[in-house]
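Assemble chains L, W and S onto chain D, guided by the hints.
4 protein chains.
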Amino acid sequence: MSTGFFGDISKIPFDPEAGPETLAFRHYNPDEIVMGKRMEDHLRFAVCWWHSFVWPGGDPFGGQTFDRPWFADRCSDPMEAAKLKADVAFEMFTALGAPFYTFHDADIRPEGESFAENTKNLQTIVDFLQAKQDKTGLKLLWGTANLFSHRRYMSGAATNPDPDVFAFAAATVKTCMDATHKLGGANYVLWGGREGYETLLNTDLKREDQQLGRFLNMVVEYKHKIGFPGAILIEPKPQEPTKHQYDHDVATVYGFLKRHGLENEVKVNIEQGHAILAGHSFEHEIATAAALGIFGSVDMNRNDYQSGWDTDQFPNDVPEVTRAYYEILKAGGFESGGTNFDAKLRRQSLDPHDLLFSHVGGMDICARGLKAAATMLEEGLLTEFVSRRYSGWEHDEPKAMLSGERTLEDIAARVDAEDINPEPRSGRQEWAENIVNRYV
Amino acid sequence: MSTGFFGDISKIPFDPEAGPETLAFRHYNPDEIVMGKRMEDHLRFAVCWWHSFVWPGGDPFGGQTFDRPWFADRCSDPMEAAKLKADVAFEMFTALGAPFYTFHDADIRPEGESFAENTKNLQTIVDFLQAKQDKTGLKLLWGTANLFSHRRYMSGAATNPDPDVFAFAAATVKTCMDATHKLGGANYVLWGGREGYETLLNTDLKREDQQLGRFLNMVVEYKHKIGFPGAILIEPKPQEPTKHQYDHDVATVYGFLKRHGLENEVKVNIEQGHAILAGHSFEHEIATAAALGIFGSVDMNRNDYQSGWDTDQFPNDVPEVTRAYYEILKAGGFESGGTNFDAKLRRQSLDPHDLLFSHVGGMDICARGLKAAATMLEEGLLTEFVSRRYSGWEHDEPKAMLSGERTLEDIAARVDAEDINPEPRSGRQEWAENIVNRYV
Amino acid sequence: MSTGFFGDISKIPFDPEAGPETLAFRHYNPDEIVMGKRMEDHLRFAVCWWHSFVWPGGDPFGGQTFDRPWFADRCSDPMEAAKLKADVAFEMFTALGAPFYTFHDADIRPEGESFAENTKNLQTIVDFLQAKQDKTGLKLLWGTANLFSHRRYMSGAATNPDPDVFAFAAATVKTCMDATHKLGGANYVLWGGREGYETLLNTDLKREDQQLGRFLNMVVEYKHKIGFPGAILIEPKPQEPTKHQYDHDVATVYGFLKRHGLENEVKVNIEQGHAILAGHSFEHEIATAAALGIFGSVDMNRNDYQSGWDTDQFPNDVPEVTRAYYEILKAGGFESGGTNFDAKLRRQSLDPHDLLFSHVGGMDICARGLKAAATMLEEGLLTEFVSRRYSGWEHDEPKAMLSGERTLEDIAARVDAEDINPEPRSGRQEWAENIVNRYV
Amino acid sequence: MSTGFFGDISKIPFDPEAGPETLAFRHYNPDEIVMGKRMEDHLRFAVCWWHSFVWPGGDPFGGQTFDRPWFADRCSDPMEAAKLKADVAFEMFTALGAPFYTFHDADIRPEGESFAENTKNLQTIVDFLQAKQDKTGLKLLWGTANLFSHRRYMSGAATNPDPDVFAFAAATVKTCMDATHKLGGANYVLWGGREGYETLLNTDLKREDQQLGRFLNMVVEYKHKIGFPGAILIEPKPQEPTKHQYDHDVATVYGFLKRHGLENEVKVNIEQGHAILAGHSFEHEIATAAALGIFGSVDMNRNDYQSGWDTDQFPNDVPEVTRAYYEILKAGGFESGGTNFDAKLRRQSLDPHDLLFSHVGGMDICARGLKAAATMLEEGLLTEFVSRRYSGWEHDEPKAMLSGERTLEDIAARVDAEDINPEPRSGRQEWAENIVNRYV
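Protein chains in written order, with the numbering used here: chain D, 1 to 440; chain L, 1 to 440; chain W, 1 to 440; chain S, 1 to 440.
Next up, chain D with everything else stripped away, as it sits in the complex (with noise of 0.2 Å):
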C-alpha cells in the first residue's frame, strides 16, 4: 500500500520520446548492454537517505522550507516518522529503478538519549528495512556512521582531544558495521567530516593523526573479524563543516593509509563536489585513485562553480560525466562500488515531484557520460595517441633508466656522449579535447 506522497506513483518508464512534463528515463535504459554488460551494472545506482529525505531545506541564513509528514512538526512518535519515512523512501528507491540505496545511522533511526538507546533504534529499523529489502530486491551499497551532526562531535570523532568521544565513535561505527552487514552491504564508508581542526592553536596534529590512524586499523580488523566482504571506504574533504580536514583529497588520503599500513586494505570514496572544493577536477581525482590502486567508489553529485562551499547538486553536465566514467571505464570500472547520488535539491524546490524529476535527470545524465565514455574507449582515438606519445620509453635504453639500472652519473654521461637535445613534440590537447566532443 502506498503512502500517497507521490501520489499515484509506478515504476518510471524508458521513453525517449517523453514530454517534458513526463516522468520516464530518455537516456538511462539498465538492460541496454555497453561495453558487453548491463548499464545497470555498470552504473550501480544508489540514492541516499539523508538529502531527500532528511535534510529540511535549511541552509546558514533560513530554516526549513520542506514540508514532509515524517518530520518533527507533523509527526510525534519518532519511530513511526522513521518507518513513515522508510515507507517514502523506499518508494522513490522503486519508483526510479535504482538497484541500491544508502544511509548514515542517524538518516534512518530516531536518536536516542545514550548509546544503548541509539543501538536498539538502528537496530529496530534495521529489521525493517531487511523486510523491505526482502520484498523489493534493492540492496544497501554502502552504510556508514554520522559522526558529525551530534555536538559530542564538535571537535572531532576520532580525532577528539576527548578520548571518550573516541570511544563513543568507535562504538558506534561498530553497530553501524554490524548493520551494514547485516543488510547485506557492498562497502562501509567513513566521512571524517570533523576530522580535523578549526585552529591549529589549539590543535596537536600530530597526536590526532594517531588517533585516526589507530581508529581506521579497528575498522579495517573488525571488518575481517566479522567477515564482512565489502570494500571500506573513506570518502576524502577538504574543508566543510571544518576549516581543514585531514582526509583533504584522494593523494592526501593515499598518504594516510600508507602511513598508517592500510593502502591495500582501505579505498575511497569520490565525490565530484569534494574534488571541486580542493581545486581538483572530478576525473582528476578518479584518475589518481586508479593510479594509486585505491579507486572505489563515487558520490555523483556536482559543485557550483562559482560557490565555495558543498552545494551537492544534481549532476547535470554530460561532458564533465562523461571524462568521469571514462577514467572509472579506463580503471575498470566498478567492483563493490558504484554511483551514489548525493546530490540534493536546491531548497526552493519543494514538490515530492521535484524528487523524482531531479533524480530522473541525474540518472540520464550519467547514462549519457556512460556510453559517450564507452564508445571513446572502444574507438580508441585517445587512447591510442597516449600510448604513442610515450612509445619512446619502450626502447631499451629508456626502460633501463626507469627499472633503476642507470645512474645520474650514467646519464649524463650518455647525454654528454650522444650530443642529446631533444626537440619538443605537440601535445596536441586541443585536438583531444574535441574528440571528447565527438562523443558528447
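Source of the hints: derived by calculation from the structure; they are not laboratory data. Please read these numbers as outputs of a predicted model, since none were measured by experiment. Some hints here could point you the wrong way.
One copy or two, either will do: identical chains are not told apart, so a pair holds if it fits within one copy or between any two.
What the hints assert, rightly or not - Lysine-lysine pairs mimicking DSS-like chemistry, simulated, CA-CA at most 27 Å apart:
{"id": "1", "residue 1": "258", "residue 2": "206"}
{"id": "2", "residue 1": "223", "residue 2": "139"}
{"id": "3", "residue 1": "399", "residue 2": "225"}
{"id": "4", "residue 1": "83", "residue 2": "330"}
{"id": "5", "residue 1": "135", "residue 2": "330"}
{"id": "6", "residue 1": "120", "residue 2": "132"}
{"id": "7", "residue 1": "258", "residue 2": "330"}
{"id": "8", "residue 1": "258", "residue 2": "223"}
{"id": "9", "residue 1": "243", "residue 2": "11"}
{"id": "10", "residue 1": "139", "residue 2": "120"}
What follows is chains L, W and S alone, placed relative to chain D:
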C-alpha cells in the same frame, strides 16, 4: 671595487630609530639572542638570484620594465653579463648581511647550445662564485636546476613522455648537484614546475609517477655516492605553470615519498605562496611537514589573497610570519634549512634601491615574527592549553585504545556498560587567537 | 539584578597589564584622544544580537552546540525567552562598554503566525528595549528586518516572483523602520540575502531589478515621511545564501543606486567577510565607497582566507584592521555609521566567557588599528608620497585634458609635435608597505 | 600564392562525417538557417591576431615554445615580419571561413621608437590589410589599442599618475580609431588591463576615476566627430595583470558608465574567462548586460575552472556555450558585435595544424550551442515557465506597487487588513536544468 649599481653602498646597519628613507634594520639584529641562539642562526636568511637579478619585470600582459646593465639589451657578452650580475648580487647580499644565497643553474650561467656547453658555463661561474664566497664569507643555502623554462621541458622534465628529456634533465641535475656540493651548499632543492599535466586526455599518470619516483631515487643515490652532506628538498606547489603539479602540497609529497621509499631521505621546502595557492595556510604546511617528519626549509614570501596566481611578494604581515615561525620553533627550528626570500619586486618598483628596501623590510618582518614566536613559546600559554586539552589521553584506558590493545568490540562493550556519553568542552579559539595578539 | 549568565560580571576595565585569563582591555581606552577625538567616538562600537544570542552553533553538517537558557529547549514561553535574551544581551553590552547595539526584528521578538502578530510582538519588545536603553544609556546603531530566514522569502523578498511576498516584506520593513525610529536608531540597514537568483533559468533579471529599485525607493520615501534622521544603508554581499546576490559589492550597489536615482539617499554598510567573498580586500571596498561618496558604516569581522563561505569570525589581524581604518579616517571617519561586530564564536566556543573574550579581543584589535591608522595619517608619509606621485596633473595642460578642454585630436597633435615619450617611474610599493609596518 | 605555413591548405569544408584527423566542420554550416537567419550571420565569428600570431608560447615560468617564421629570431626585418604574419593570418582566416578578424595595433605593426613611428608603421600595415580585405571579403569586427604591454603603461594608461602617459595613450587610441574606421571595423574596443591598482597605498582612486571617465568621453566624442558608425565597447576584467582592475565586471562597468554619462554610448564586450575570474558565470555577465541595456559582443574562450589566472582556452563545453547563446538570443542576438575567439593554444600545441584544429573545434562548439539555444527558445518551455512564475505581477494591485502608486504604509495596511501570508511555490530548478539537457 663596487659596480656602482646601488650607488655608494655599505653594510646596512641595525638602527631602530632610522627614518623612512634610511636603509636600516629596525628589528633584525643578527647578534641578538633569542631562545639562547643568535637571530642570524635562527633565521638563516638567504637571498635568491632569480627574482632580483634575472627577472626582467614582465608579466603575461607586458614585457620588461627593469633596466639592468647585465640584461641582454645592455650587455652583449653573456659570460661578462653573468659575471657582472654576480658582482652586483654579492654586493647586495653583503649589504643586507644575509648569510646565504640560492640559485638555479640558469640564473647564474649563460644558456648554452648543448648540455656540454651548459656544463662548461656552469663550471666557469661556479669557480667565480667560489672565489666570491671565500672573499665574503657568504654561503650557499641551496642550489637547484631550472628544469622548467627551456622549451625542451614544456611537457615535463622527469615526467616527460620523451625519455631523452628525462635523460637531459637527469644529466643537468647531476651537474647542479656537483656545483652545489663544490660550493658547500647546505641543501639541494627540486621544484617540479613542469612535473604534472595540462590535460588528463594526453597523460599517463601512473607511468609519470614511476618516472618521477625513479628520478628522485637517482638523486638520493647520487647524493650518497658523492657524500653530499646536505638535505634533498622537494618544493610543493599545486599548479602554475602546469595545470596540475604532482608535488601538490606537503601531504601529497609525503605520500609520493612514502610510495617510493624516500620518506627518510627527502624533506620539503615550503613556500608561503604555494601553500596559499593550494588552499592552505603557510603555518598549516609547516605544521603538517613537522608532524610527518619531513620539514626542511622555507621559501619566504607572500601571495596576494585576492589573486589566483603566484605573486611572490615580499612578506609583510607580522601575525602570519609569527604563526609560521611558531610552528618552526615548535618543530625545533631549522637544521640545514633556512629562510629563503623567494620574493620579487612588483614590476613597477624600478629602482635599485627598491631591491634593498624590499629585502630590508622582509628581513625585519621575519625578525619580528621570530621574536614574537619565541616569546609565545617561552611563556607557553598556548602549549599548556593544548596539553591540558588532550590530557584525558594520559589515562590507562585511552592509552590502551591508542596503542592497539582494544578492538571496536571492546570499546563498544565499555561504552555500553559505562553509559559513556561525553559532554563537549569549549575549544576557546577566540581566546587562543587573542593570546597570539599579545605578542605581535 | 543580574541574570547570572556571565556569573559575577561588571564593566570590563582598561588594564594594559592584565593577564591572559583576565577580562580586560589592553588597548581600547574609550576616553583616549586620537586625532582630537575620543576613541569611543571614532570607533562607535556596536554589538549584534544575532550571532551571540540567537545562533545556536549549528552549521550545514551539525546542529546546536550552545546551551543558552533562552533557547526553545530550555524556555517554553517565547516572549519570556525574548526578554531573558534581552536581559543577558544588555548585560553583555554594558560589560563591554560598547555604546551601540544592532538587531534584526527576528532576533528580538518571537516569530508570530501572521504579520499582525509579528508586529505586536515587535512592539512589545521595542518597549522593553526602550526601557533598557533609558536605564543604561546604550543606543541603537541600526535596526533591520530579517527578510531571509523564513521560508516565505526563499525566492526573494523584494525580488520575489510572488507580489504577495513583496508586500509582506514591504510591510515588515515599515514596522522595522518604525521600531528603529522609536529607539532612536542612527541608521537603518537592508541586507538582501535572498535578493538574487539560484539559476538564471527561472529568473527574470530585469523585472527583479525593477522590483528592487521600487522597494528601495519606498524605503527612502518612508524615511522622509516619518522624519527618520538616520542613514539608509545597503549591505553588499556577492552570494550565500543565494548563488548570486544583486548587491554584489560596493561598485555594483553604486550602479544600482544610480540607476534608480538613489545615489544621494543611500549609503553602504561594508562587511569584511563579504568583501573577501567578493574577491576584494576590506580596504578596497571602503576606499571605493568613499571615492563614490556612499561610505556609511562597517560590519567588522573576518573571513577565513581558505574558506569559501561566510565565516563571520572576530577580527584579529591588526595590519588588516589598520588598513581599513586608514581608509575610514581618510574619508573623514564615521558620520552616522560605526563599527558593528557582525562576528560569531566558533561553534566549539561553548562558554559564556567565550562571548566576552572574543568581543574584548576584537575591540582591542580595532583600537590598535585605529591608533596605527591615525598615526600614519598624522605623520603623512604615504599621503605625501601619493600627492607627489600625481603632481604632474597640477600643471595647466594636464588640467586642460582632464577638464574637457582637449580632444583626442588635440592631444595626438601635441604628442606628435613634442615627441612625448614618457619614462616610467618607480611605484615604490614595497617601501610603502613597509611604511605601514612602522605603525602596526 | 600561399606562404606554405599551413602546407597545402584550402577552405575547410562542412562534413559531418569527417574523420578525427580531417580538418572539417561537423556542426558549423554557415548557410544553415537558424531562427530565420544564416548561422554565419548569427555567430559572426572573428579570429584574433594576438594569440595565434603574436604570442610566442611563453608563460610566467618559461619562454618561447612556438617556432614561427615571422618571429624575431627568424625574421630580422620587422616590417617584413609583420607582412608575413598578415599573409599567414589571412590564409588562416580564409581557410576557417570566419567572416571577421580582430587586432590590437601592437599585433599588426612593428613597435616604433616614438609615437610618430608607431603611427607610420600602423598606417603602412593598415593599407596592407585593406588590400587583403578587398581581395578576400574578410571584415574587421573590431580594432583596439594595446595600452598595457609597453613599460610606459606599467602604472596605467588613462589612469597613470603621469599625465604624459595619459596623453600618449589618448594619441594612440586616436590612431587606432582612425585605423579601425578606415578598415570599416564594426566596433572599437577598449580593454583597460593596466587601469587599476597594485596597492591602494600609492593610489588615488577618485582621481583615477576622473581620468578614466574623461578619457572615455573623449573616445566617444571622437567617434561622433569622425562619424564612426560602430559601437564603442569596454571589456570588463577583474584583475590580471593588475591586482584590481576598474572595469571589474559588467555591473561595475555599468556604474562607471552611468557616473560619467556614457550608459547610452558605450556597451560591453564580455569574455568568458573574465567572467569566471570575476566569480560569475559567462551567462550571468551576458544576461546582466542585456538587462542593463549594454550588451555588445563576446570574446569566446574558456577559463580552466581550477586555475586562478586567465587561461584563454578554446571553448569546448557545449552546455556552457548553449547557456551563453540562449541569453544572447533572448537579448535579440548580436547587432554590431560578434563571437571573437580570444583563445590561444596551449603552449605545448606546437604545430601549425593545432591552430586550425583548435579553431575548427571552437567554431563547431559554438554552432552546437547556437542551435541548441535556438531550439530552446523556439520550443519555449523555459520562457513560458518563467512567465507563469511572475504572472502574479500582472494583476492591478501588484502593478500599482511596482509603478510607484503605493507606499510602505499603504502596503502594510493592506497586508494587515487582508492577513496576507504567502506560501512559497517550487522554483523547479532541477526540472529546468534538465530541460536544457534535452537540447545539448
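When no copy is named, should residue 135 and residue 330 be tagged within, between, both, or neither for a Cα gap of at most 27 Å? Answer is neither: 36 Å inside a copy and 51 Å across each miss the 27 Å cutoff.
Classify it for me, residue 139 with residue 120: is the Cα-Cα distance of at most 27 Å met within a copy, between copies, both or neither? within (22 Å within a copy, 54 Å between copies)
For the identical chains here, do residue 258 and residue 206 meet the 27 Å Cα criterion within one copy, between copies, both, or neither? both (16 Å within a copy, 17 Å between copies)
With identical chains treated as interchangeable, where does the CA-CA distance between residue 83 and residue 330 reach 27 Å or less: within a copy, between copies, both, or neither? Neither, since 41 Å and 48 Å both go past 27 Å.
At most 27 Å between C-alpha atoms: does residue 120 with residue 132 qualify within a copy, between copies, both, or neither? Only inside one copy: residue 120 and residue 132 sit 19 Å apart there, 50 Å across copies, limit 27 Å.
From the Cα coordinates, with 27 Å as the cut-off, is the pair residue 223 and residue 139 best called within, between, both, or neither? within (19 Å within a copy, 56 Å between copies)
Alpha-carbon proximity between residue 258 and residue 223, which holds within one copy, between copies, both or neither at 27 Å: This pair counts as both: shortest intra-copy Cα distance 19 Å, inter-copy 26 Å.
Is it within, between, both, or neither for residue 399 and residue 225, if the alpha carbons may be no more than 27 Å apart? This pair counts as between: shortest inter-copy Cα distance 23 Å, intra-copy 44 Å.
27 Å Cα cut-off: does residue 258 pair with residue 330 within a copy, between copies, both or neither? both (24 Å within a copy, 26 Å between copies)
Given a CA cutoff of 27 Å, do residue 243 and residue 11 count as a within-copy pair, a between-copy pair, both, or neither? Neither: 43 Å inside a copy, 34 Å across copies.
The structure does not agree with the numbered hints 4, 5, 9 stated previously, though it agrees with the rest.
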